[in-house]
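Visitor: Chain by chain, the residues run as shown.
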Amino acid sequence: MPKHLQNELQQLKKEILQIAAMVEAATDKALVALTDRKPELAQEVIDNDYLINDTEVRIEEECLKIMALYQPVAADLRFVITVLKVNNDLERVGDLAVNIAERALYLGRRERLPFAVDLPGMITDVKVMLAGSLDALTNRDPTLARRIIAMDDLVDDANYNLYKVIQREMFKDPLILKRALHLLSSSRHLERIADLATNICEDVVYMVEGEVIRHQPEIFMDKE
Amino acid sequence: MKLFAGLVTDSEIEASEIKVMVLLRSRILWKIYAVFVVVIVIAAVIVSVVVSGVIEKRTLGDVRRALDVRTQMLSRLSRPILESGRMADGDELVKALGKDTRTRFTVITVAGLVLADSDKDPHSMNNHLLRPEIQESIYHDFGITTRYSDTLKTRMMYLARSVRVQDKLLGYVRAALPLTLINQRISDSRKMIIFGIAIITLLTLILGFFLARHFIKPLLQLTGMAEAMAAGDFSISLKSNRRDEIGRLVQAFNLMAVKSRARIEIINTDRSKLNAILTGMREGVIAVDRNDLVIHINQAAAAMLQIDAAASIGKRVWEITRLRELCSILNDASQQGCEIKRSMNISYGISGRVIEMHAVPLSSGDDELQAGAMVVLFDISELRRLETVRRDFVSNASHELKTPITAIRALVETMIDDSAQMSESIRLSFLNKIAKQALRLSAIVVDLMALSRFESQSEPLILNEMVDLGTVVSDSVKGLAPLAEGKGITLEFGDFAAEVEILSDAEFIAQAITNVLDNAVKYTSAGGRVTVSLRQLANEIVIEVKDTGIGIAPQDRERIFERFYRVDKARSRELGGTGLGLAIVRHIVLAHHGRIEVDSQPGRGTTFRIIFPLEKQKS
Chain B
1 MPKHLQNELQ QLKKEILQIA AMVEAATDKA LVALTDRKPE LAQEVIDNDY LINDTEVRIE
61 EECLKIMALY QPVAADLRFV ITVLKVNNDL ERVGDLAVNI AERALYLGRR ERLPFAVDLP
121 GMITDVKVML AGSLDALTNR DPTLARRIIA MDDLVDDANY NLYKVIQREM FKDPLILKRA
181 LHLLSSSRHL ERIADLATNI CEDVVYMVEG EVIRHQPEIF MDKE
Chain V
1 MKLFAGLVTD SEIEASEIKV MVLLRSRILW KIYAVFVVVI VIAAVIVSVV VSGVIEKRTL
61 GDVRRALDVR TQMLSRLSRP ILESGRMADG DELVKALGKD TRTRFTVITV AGLVLADSDK
121 DPHSMNNHLL RPEIQESIYH DFGITTRYSD TLKTRMMYLA RSVRVQDKLL GYVRAALPLT
181 LINQRISDSR KMIIFGIAII TLLTLILGFF LARHFIKPLL QLTGMAEAMA AGDFSISLKS
241 NRRDEIGRLV QAFNLMAVKS RARIEIINTD RSKLNAILTG MREGVIAVDR NDLVIHINQA
301 AAAMLQIDAA ASIGKRVWEI TRLRELCSIL NDASQQGCEI KRSMNISYGI SGRVIEMHAV
361 PLSSGDDELQ AGAMVVLFDI SELRRLETVR RDFVSNASHE LKTPITAIRA LVETMIDDSA
421 QMSESIRLSF LNKIAKQALR LSAIVVDLMA LSRFESQSEP LILNEMVDLG TVVSDSVKGL
481 APLAEGKGIT LEFGDFAAEV EILSDAEFIA QAITNVLDNA VKYTSAGGRV TVSLRQLANE
541 IVIEVKDTGI GIAPQDRERI FERFYRVDKA RSRELGGTGL GLAIVRHIVL AHHGRIEVDS
601 QPGRGTTFRI IFPLEKQKS
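One line per chain: the protein sequences are B and V, in this order. Position one of the first sequence corresponds to residue 1 (the working numbering), numbered consecutively onward. Position one of the second sequence corresponds to residue 1 (the working numbering), numbered consecutively onward.
Read the hints as simulated data drawn from the structure, not as lab findings. Quick caveat, the model's predicted, so the values are computed rather than measured. Built from N, CA and C at the ideal position, the CB exists for glycine as well. Treat the hints with caution; some may be incorrect.
FRET-style restraints, in silico, Cβ to Cβ [what the hints assert, rightly or not]:
1. B/Asp-118 - V/Asn-539: 32 to 40 Å
2. V/Met-449 - B/Lys-164: 43 to 51 Å
3. V/Asn-331 - B/Lys-3: 18 to 26 Å
4. V/Asn-345 - B/Asp-173: 54 to 62 Å
5. B/Lys-3 - V/His-296: 23 to 31 Å
6. V/His-296 - B/Ala-150: 33 to 41 Å
7. B/Ala-150 - V/Asn-331: 32 to 40 Å
Dumping the calculated DSSO-like pairs for lysine-lysine here, alpha-carbon to alpha-carbon at most 27 Å [unchecked claim]:
8. B/Lys-172 - V/Lys-522
9. V/Lys-315 - B/Lys-85
10. V/Lys-315 - B/Lys-3
11. B/Lys-38 - V/Lys-341
12. V/Lys-546 - B/Lys-164
13. V/Lys-341 - B/Lys-14
14. B/Lys-38 - B/Lys-85
15. V/Lys-487 - B/Lys-172
16. B/Lys-14 - V/Lys-315
17. B/Lys-13 - V/Lys-315
Please model the complete structure; the sequences and the hints are all you need to start from.
Guide: Pasting the structure below:
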């Protein structure tokens, strides 16, 4: 019986890492499509999103099956619960990637905006956060998870700066309004991805240490 | 114990002195002892039973013979007593005889009346006719019984004999001897047997000790050797000149150790060879077993995937990397059992890499099940990049050359067609345009020629004059001042070190600096600022050109030094560039063993730094 449970958990781990890989790849593609103006890549992300959604449903069913059949306890239970939550977050990241891809599709087919923004810097940070959160999940590494959580402020600031720049440019030239709004929402989506990466990291800390570190940023900072 | 230890003279096994205590704890020793004890006890019981049987039989025979002789003699002596029939007559004689021979004698009449007895007063004795030995002697001339004597309170053997004179029965004589002698003899012989057994037991125990030692010592040494071999030490060799089975076992062990060591050495050499080959490979190699566990991953593969090679072994492949293409190609290769070739894009950070993967299934010989799969990773990003550069160059060069040619052709054709009614002023403006395009064409060709000269190894740059960089830089700035002024850009000096000289070629270095400055002015819009600095550091000379222009996106930074590469093609051509400027700069700087650094923030501006090392210059 415990042997069966271990096999199931192993399989579950494989599947959660699989969806993680899919989501990460989709995000990367969407961001490349956005920065390099490649609408065909964006279309690919939109077309393949159903794969992520299907996997999410399968993983959720798997989790429920494990809980109903084996009634796991302690670390095993925390693992299943974490997978259930991370699964949800990852699917959301996948959706955000689709949203970004849609913006890329719009922006890539129109003229370049006349001003430059530091989107690549923000993209790098978000990619590092997403990859880091998934690494923390794979290696059960709460230290890495905590470091990633601390990075969230960076992305928030970048988002705010971008917002200000775009606002300023929109005042200057109302003709760019539509494109600028699309760029702005891309930045919002990126910021959301960073938030979800933070959530994943919090779940990883919970899984490994059994401690809920959500909603208590001060305590967390002290620990650092 | 010391005594035994001292007795050990077995010289054939000297390797390790075996303690007596170890031997005493040995199970073999106690098994040998147990067998010995059982054998000895059974032997002792059998011997004692047989011996006491024989002794009893012999002693009884001896007593009977003695009694027989005594009764025959007494029957002669007792004839007068019996004939007289009076008690007093013979009693004294019988008593004297009994005392001398330590035998009990009794003379009895036909009627059973005791006439004389050696041990008791005959008067007090009752009728003896019904005694079994007497009854027997009536018919058989003599009778024997062994029974307990109430009179003497001991077990006795009685022999009665009838006394006859010419077939006339006169009476009986009886002699009796106590049987205590028998018991004594048996107990004597038992003492002898027990004493013998004790000596034999002692001898066998000592013998058993040496026997056990003889077998246990090599066994313990073999055990130690086997344990050492299990722990990986194959250097032990046991000495033995025994010719028995143990000797052969020791020889077999020695042979096994030697062969194992040789085989392990072969395996180790093979493995280190294989490791050296795999580590030395520039291609990444990853092997997994059928459960997706990583069996091998070399340094190149770890570097490509940006993971730790040592920590990855033994983990599942989908745990060490999230590259789905990699996991799925391994899976497919082992499932389908055939070679698969695919390529994947990795986007780490900003620069994407293209990896070509070649996966093959691993099979473990006779096993039907696939033993996993192996993938070889080729990083073909550089190849792809060079391919792109070459393709871009050909298409760019032809395009760049074609544009002015097309313009000239169109202008000339118009002039030919409309030569009749074309006014002089239009003709002049056409000719001016043609001249401008021709100049452009020649500028491109000159730049291309310069580039190809730099690139051809046969004619390297000759740096043979000391050039004052300050003069060169100020000349370049002066040359570009009208253009900057026209665009409304401030062109100014920052830090400016005087008298900086390097070994160079005045023409080339001026061209490089002008090209960089020209770019800065071109890509800065009105109201901007271009700052030129010249610094001499401890071992470097730095020429810095900083502008507040449009900047260069990170992904373009590497490629701006390629020939004809333009971040924004339309704008560049509009500004009159050939697309070769920075490529030429790069070549000139490399010829000076220098380097170029580019810092840029899109929208904020760009800083170009040309850095010349001083050491190379001096030597």
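Visitor: With reference to the structure, classify each hint as holding or not holding.
Guide: Hint check results:
1. B/Asp-118 - V/Asn-539: 32 to 40 Å: For V/Asn-539 against B/Asp-118, whose Cβ atoms are near 34 Å apart, the range 32 to 40 Å holds.
2. V/Met-449 - B/Lys-164: 43 to 51 Å: holds, 49 Å
3. V/Asn-331 - B/Lys-3: 18 to 26 Å: At 23 Å between Cβs, range holds.
4. V/Asn-345 - B/Asp-173: 54 to 62 Å: Once the Cβ atoms are compared, 36 Å apart, the range 54 to 62 Å for B/Asp-173 and V/Asn-345 is violated.
5. B/Lys-3 - V/His-296: 23 to 31 Å: holds, 28 Å
6. V/His-296 - B/Ala-150: 33 to 41 Å: For V/His-296 and B/Ala-150 the Cβ distance comes to about 36 Å; the hint holds.
7. B/Ala-150 - V/Asn-331: 32 to 40 Å: Check passed, 36 Å falls within 32 to 40 Å.
8. B/Lys-172 - V/Lys-522: holds, 24 Å
9. V/Lys-315 - B/Lys-85: Distance ~24 Å between V/Lys-315 and B/Lys-85 Cα, so the pair holds.
10. V/Lys-315 - B/Lys-3: Distance of about 19 Å is within 27 Å: holds.
11. B/Lys-38 - V/Lys-341: At roughly 26 Å apart (the allowed maximum being 27 Å), V/Lys-341 and B/Lys-38 satisfy the hint.
12. V/Lys-546 - B/Lys-164: Roughly 26 Å separates the two Cα atoms, so the pair holds.
13. V/Lys-341 - B/Lys-14: Holds, at about 24 Å.
14. B/Lys-38 - B/Lys-85: violated, 33 Å
15. V/Lys-487 - B/Lys-172: Holds, because 22 Å separates the two Cα atoms, which is no more than 27 Å.
16. B/Lys-14 - V/Lys-315: Holds, because 12 Å separates the two Cα atoms, which is no more than 27 Å.
17. B/Lys-13 - V/Lys-315: holds, 13 Å
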